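Protein chains: 8
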Amino acid sequence: MSVEHDIRLDLNRASRIGLDEAILCEGKSLAHLTHILDEAGARGARFLLTRLNAMQHAELEPRHRDALDYDALSRTAIHGEPHPPQDYPEVVVLTAGTSDVPVSREAARTLRYYGVPVKEISDVGVAGLWRLLERVDELRRAPVVITVAGMDAALPTVVGGLTPSVIIGVPTSVGYGVASGGQTALRAMLASCSAGLMVMNIDNGFGAACAALRVLRALRRQP
Amino acid sequence: MSVEHDIRLDLNRASRIGLDEAILCEGKSLAHLTHILDEAGARGARFLLTRLNAMQHAELEPRHRDALDYDALSRTAIHGEPHPPQDYPEVVVLTAGTSDVPVSREAARTLRYYGVPVKEISDVGVAGLWRLLERVDELRRAPVVITVAGMDAALPTVVGGLTPSVIIGVPTSVGYGVASGGQTALRAMLASCSAGLMVMNIDNGFGAACAALRVLRALRRQP
Amino acid sequence: MSVEHDIRLDLNRASRIGLDEAILCEGKSLAHLTHILDEAGARGARFLLTRLNAMQHAELEPRHRDALDYDALSRTAIHGEPHPPQDYPEVVVLTAGTSDVPVSREAARTLRYYGVPVKEISDVGVAGLWRLLERVDELRRAPVVITVAGMDAALPTVVGGLTPSVIIGVPTSVGYGVASGGQTALRAMLASCSAGLMVMNIDNGFGAACAALRVLRALRRQP
Amino acid sequence: MSVEHDIRLDLNRASRIGLDEAILCEGKSLAHLTHILDEAGARGARFLLTRLNAMQHAELEPRHRDALDYDALSRTAIHGEPHPPQDYPEVVVLTAGTSDVPVSREAARTLRYYGVPVKEISDVGVAGLWRLLERVDELRRAPVVITVAGMDAALPTVVGGLTPSVIIGVPTSVGYGVASGGQTALRAMLASCSAGLMVMNIDNGFGAACAALRVLRALRRQP
Amino acid sequence: MSVEHDIRLDLNRASRIGLDEAILCEGKSLAHLTHILDEAGARGARFLLTRLNAMQHAELEPRHRDALDYDALSRTAIHGEPHPPQDYPEVVVLTAGTSDVPVSREAARTLRYYGVPVKEISDVGVAGLWRLLERVDELRRAPVVITVAGMDAALPTVVGGLTPSVIIGVPTSVGYGVASGGQTALRAMLASCSAGLMVMNIDNGFGAACAALRVLRALRRQP
Amino acid sequence: MSVEHDIRLDLNRASRIGLDEAILCEGKSLAHLTHILDEAGARGARFLLTRLNAMQHAELEPRHRDALDYDALSRTAIHGEPHPPQDYPEVVVLTAGTSDVPVSREAARTLRYYGVPVKEISDVGVAGLWRLLERVDELRRAPVVITVAGMDAALPTVVGGLTPSVIIGVPTSVGYGVASGGQTALRAMLASCSAGLMVMNIDNGFGAACAALRVLRALRRQP
Amino acid sequence: MSVEHDIRLDLNRASRIGLDEAILCEGKSLAHLTHILDEAGARGARFLLTRLNAMQHAELEPRHRDALDYDALSRTAIHGEPHPPQDYPEVVVLTAGTSDVPVSREAARTLRYYGVPVKEISDVGVAGLWRLLERVDELRRAPVVITVAGMDAALPTVVGGLTPSVIIGVPTSVGYGVASGGQTALRAMLASCSAGLMVMNIDNGFGAACAALRVLRALRRQP
Amino acid sequence: MSVEHDIRLDLNRASRIGLDEAILCEGKSLAHLTHILDEAGARGARFLLTRLNAMQHAELEPRHRDALDYDALSRTAIHGEPHPPQDYPEVVVLTAGTSDVPVSREAARTLRYYGVPVKEISDVGVAGLWRLLERVDELRRAPVVITVAGMDAALPTVVGGLTPSVIIGVPTSVGYGVASGGQTALRAMLASCSAGLMVMNIDNGFGAACAALRVLRALRRQP
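Residue numbers (our numbering), protein chains in the order written: chain A, 1 to 223; chain B, 1 to 223; chain C, 1 to 223; chain D, 1 to 223; chain E, 1 to 223; chain F, 1 to 223; chain G, 1 to 223; chain H, 1 to 223.
Everything labelled a hint here was simulated from the structure, so no lab data went into it.
The structure presented is a predicted model; accordingly, all values stated were derived computationally and were not measured.
In this text, a Cβ means the ideal position worked out from N, Cα and C, and glycines have one as well.
Mixed in with the good hints, there may be bad ones.
As the list claims (entries may be wrong) - To spell it out: a stretch of chain B is covered by chain D in this simulated footprint if at least three of its residues, at any positions, have a beta carbon under 8 Å from a beta carbon of chain D; those stretches are:
| no. | region |
| --- | --- |
| 1 | 19-32 |
| 2 | 106-119 |
| 3 | 199-212 |
Claimed, not checked - Listed next, with one range per pair, are the computed distances between beta-carbon atoms:
| no. | chain 1 | residue 1 | chain 2 | residue 2 | range |
| --- | --- | --- | --- | --- | --- |
| 4 | A | Thr34 | G | Arg46 | 31 to 39 Å |
| 5 | E | Ser29 | D | Ala54 | 51 to 59 Å |
| 6 | G | Arg16 | D | Pro84 | 43 to 51 Å |
| 7 | A | Glu134 | B | Arg16 | 17 to 25 Å |
| 8 | D | Arg46 | B | Ala72 | 46 to 54 Å |
| 9 | B | Glu134 | H | Glu26 | 25 to 33 Å |
Excised from the complex, chain A in its bound form:
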């Protein structure tokens, strides 16, 4: 019975698109994770693990746990040394409420893994508008503003009207009832009347960081 290996890491992805292979751990069995970490360890690879929950992390063999820089709040882990600091302008990661921080931290950790300087600003939801208005100058200076918000996700619409920066919206699954696990925040961001707001999947802080990185890379490639 011919069964091939189940896992095929895309290790030359970096040369192709400038992003390392990353491992989405949600739904992966301990056996799969162990196999991945064994292979990666053998080659001394540097990569990121996302959505690795605390229980999955706890079940890893000690030598694998020791090889990871794990952050429980954002459920991210880094295997190997992060990239050295890059000479990029600082990216801002804005968060509407404290419950959104696990997602904004995932974005920030991913950017830092790639050596990108990041400023996190939390709890600036527009129901208390003054908190945001105090930060307009910082927003206007950043090349990219990642805006993380759940519930009605009104924040990126207001931000988009205050700054010419690239705005990336990340809806979160925060909220109950009609918040519907982030579906309302997602739809509100997509329907935003703030021109040029770009949107990621619910809770996808990792993807937002990759998108920001694509922008920063485009900056660098310019003559």
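With the hints as your guide, set chains B, C, D, E, F, G and H onto chain A.
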């Protein structure tokens, strides 16, 4: 074959809940509308017709059209004399964009039918925040602010954080794609983190006015 | 690596909109809750915590648990002294069935925190109509009636036709199958033919109380 | 190229389940309808056509139009002689609002086609409860009450608590916004806390009449 | 602080609509259940409890557990003596697959509580059609056939074409993926082309039994 | 301003996957269709056009209309000569009701375009089971049975239990209310308990024919 | 009280449609599973159990566990001897990512149970296109390619354009946010512009294998 | 009666966020459009109109039509002179099929209005993969690739794996059945496993262009 009359107006509704019978015209045949206007005309009744589209209005018999004060934009018509002006504080009706005006006008026309003073303020969507911030004092003075917005409906969240007034949100069917005929605006308002925001059905300017009227009546009933 | 504090309480909200900062605890980690209670305790602040489930409550440090007046049924906790009793007319909180009581109790507890007198009336669903009809006079006297119902949520439609009061509908997640976690109750309330019924998010008793408070404040501000 | 006839009437259905073949005309081309009426005319068959809209009816050949007893409001047509009057107790068809009458009339016309006595009662929505309470005795006498309602469809829940009769709920597509073409009325009826309420597809007055007929037939078959 | 009792049993429901009060236990706390059983025990009342899961049952005080005839599969319990056997014709409860039995058993247990004779026939899904065709005579003799099916719920459509009986469809939450917790089975039943099929909420075997009882009562009331 | 030609026909698709390029006409402008037909005419190409509605067809230039074999019922047109008849076994296309014939005819016309023999059998919905049971032998002989059904789509489940043939289900948008434009039929087919039933998009008779062709090609390739 | 046995195995299914009875274990109680295994053991039957989770498996009596060849990853178990190897061409089972392997393994195990040779190829998602392009020849040789993918499920569209084989798509519940438990993958496959792609229910690897088997059987039946 | 002007153009938006005011014409009445064009004409303003359908355009007064550069395919119009050509690198706009061109053209027209060089590449859907692979070098050189696709929207996932460029996905409403007006394409893009893909609302070519412009501006602002 015993068939009863199809229409049974609730004419003592006013004494019971302080609101006149109103006729939702959408989906009603010309025969039904004619029957209603004949009955009402015979009794000299005062009432409001909502969602009476231009084609329905044009098909009415001339004597019925003449008996109505019709506004095509809001699709409302008034039969008989409106209520005399009441000594109520002015209600504010805010609109995010010009495409939302048919709905805000329905609210304003309903309030004026009941003799309530109204101020309409349009095109103050939060993607251009300065337009709203200029009006904060007016918002804070009004006992009730009806906030009409489509797409992502971020407006009432911001308004709710700026004033202690009663805030009634009316989502509109303005927008395309994920706006989904107003479902996103509706859900965003319901999920709003602005505490105490109350929400009506999509495009229901009439209902918002009735709600405002219930609030004004409660004011008056206080000792 | 510059990371700001994750939590920024909106402590001058009361002066702006007449409502204290409140903490939605669902989804917040123990670390976040502890940080909030530490900060608040240091300043002797008075505030409300909502959706604090029994497990979260049990995990708090004893000194934090001791500082809270916790009610497990409604998952609310009060930090500091509630507001002194206010000279407001009594608000009625109606409930269709006993399973809806956790939500109606959240509304009642929030109102009492603000010093508002409340009467709770339970188990008056319209499948047994006589239970509601006995209470019509009480309903008609109240300036605001908060109506809490799940499943098909027929109660607020009937109530809205019996009284001129301000009616606030709170759908609950009670029920199974097509009840869909409260979506049917929510939609039924929004589609109600009772004019002027205003609606909150599913299970949002806290929001209904804030809305009622906005109404009561408007009463008081009148000359 | 072997293509069979497209239409195969189920003419011995009556002997099998006691209901005649009926033709759902919606979406059928003129050619199909003409073919059906030619075949049926040749055999002198008696049957019902449903959802035959005015345009389809107008396009029929005159001899086919003449052979039909057509009712535009309910979009039903009868071909051949209706069944002779049957000695069944009177079925009640209740309607919440006048906009629901096209559907209730479809139910009533179907029952009359089968010779069943029917009483139609319209405009008894529960936002004006007194209209329904006047009719309780009639409701309690009827073996079957067909309840037709759109929007929030609160009517059948109240009816189900007032009478031991068989209650059949028919949601209608009346309403806008969250009414969602009858989905809210449908879900509200299915989630009703009135025990034993049975529900049909949206706008399916024909099906409700067939269901009522199954009940009446069961009565007759009893020893 | 005036808080009324939370629970108000509708004990004269039987005289009004011929059905006893029943308690939906899902979502009720132990305190609520205990209060209900105490009150009921004091009056020696006979009633049914539905959706009482094994954990809720196990947590009851021993004296309350002893007072109940509990069936874990259907999650039903009977308090007091069931009604004496009634002289009704036998109702058939059909089930498409064994996974649907918890729901069909709820219907059967409810009918037996009311003294109605029941025949349960399981595992007759139409993917193996011969299993159903063997039972056609039994189906045709029954005044009422309750048909319980999940997944695509094709069973009641076929049954409705084989017998003139009253057909009540109960969709179940059996299945995965697009089965969507019974939503597909529900919609398939409502869209069935079998004329006169009536439908209940997902998993609502109790409601189907109450509906069947309304039919049987109508039979008995005939002269 | 460099704008490329908008249309790039995939003319070597046949050599790659054995299927000709086909043109989905829905939503294409007259200009686009004209451009395609001009290009194709110049090369004398043979291809199929699908979802070409009567209005689009009527607006074509006469020389383009003349070059097409158009069938209004199925909205298909053939440009050039169909493929010569192939030595394949006969495919059966089953239809639940006459309203489904536009879709089944699209499948049949596509197969005939490719030279495949087809037998169409209509109006065999399972509410009148005898119509299907008469055809079981034909079903069992066919290598592929395409089953086209709307509403509750119970037909393919029953067919799948009667024959070992390859079964392809095509849901149609026939029906109203919960039929939801074919969503219910689609979901019912996907949730079917008939093992090995494969499903196409709603109304996609063309795709079903292509799938059948892939099966027939696999037969031929076998040694 | 007459209650029939709840379980009725369809043991002559094989002779009718060429597929053995299989047991969907999800949602079945231990008692039901035990009853099935007792009956089957007595007759020495060969059959497959699907969606038997690890907890259900662990709770079985040791003699039943011993009689099963259980695979935890795919949640499948085989009772009795698998079918002897058949002289069929090799079926390819493709998987987009490692998280999809539980579903592809279910398909592979089912095919092997029936003696069909299978090649599994994993981790060839189209975001790293080179992994797929290396395998084109294998894809083009296989009579049937089962393509298993979650999230946006772009894989089968690309595969369908590379090979004339029969393509069966199986969406998986892998992913989060808008992935919606596989609904997006399902809809993307159904809407694919790759002609002739056939689709199964979410996570239904078993069904895909049965569909493949129907195709292989059709091959064999050809003269 | 105090009614304010309904329209309030945000004319200093350009200085704030670098984007001119643009007018979404869908749903605006002729009166509103006329008012806007009058005001703008008086000030000689330069701006873009989007979703101006052919009927709205035809109804404008001739002087207003003459003042507009209108493109019917993309439903865009330009009032005043476009911005002079800018020294930006060329943006690529990719389209899966010809039916998607109205949306890609809206993006291209918007970019050209702002003086940005654009290359449009059409009909490169991944079901015919060779069409895309020929263009990889162009894709890799572009700083921003706007990818426009309907149905299953597999294109951007493949593109995202081929180039390090900024990738903006625009789902279109092309397709039928489960395509659901673009909802499936939208969800597939959001769930894409191509890291860093950013998504716009359905059919929102205008927004994609504004997003691209924000990226280009960020490039220029770099030291």
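Supplied distance hint 17 to 25 Å, evaluated on CB atoms of A/Glu134 and B/Arg16: Taking Cβ atoms as reference, A/Glu134 and B/Arg16 lie about 51 Å apart, which means the hint is violated.
Given the range 51 to 59 Å, decide if the beta-carbon distance of E/Ser29 to D/Ala54 lies inside it. holds, 57 Å
Coverage criterion applied to the region 106-119 of chain B (partner chain D; beta-carbon cut 8 Å; 3 residues): n = 0 at 8 Å, threshold three: violated.
Does the Cβ-Cβ separation between D/Arg46 and B/Ala72 fall within 46 to 54 Å? The hint (46 to 54 Å, Cβ to Cβ) holds, given that D/Arg46 and B/Ala72 are roughly 48 Å apart.
Holds or violated: the region 19-32 of chain B covered by chain D, criterion of 3 or more residues with Cβ-Cβ distance under 8 Å? Coverage by chain D holds here, the residue count being 6 at a Cβ distance below 8 Å.
Cβ distance range 25 to 33 Å for B/Glu134 and H/Glu26, holds or violated: holds, 28 Å
Regarding G/Arg16 and D/Pro84, is the given constraint of 43 to 51 Å on their beta-carbon distance met? holds, 46 Å
State, for the Cβ atoms of A/Thr34 and G/Arg46, whether the hinted interval 31 to 39 Å holds or is violated. Holds: the Cβ-Cβ distance is about 35 Å, inside 31 to 39 Å.
Check, residue by residue, whether the region 199-212 of chain B contains three or more positions whose beta-carbon lies closer than 8 Å to a beta-carbon of chain D, and give the verdict. Coverage by chain D holds here, the residue count being 4 at a Cβ distance below 8 Å.
Hint check: violations occur at hints 2 and 7; the rest are consistent with the structure.
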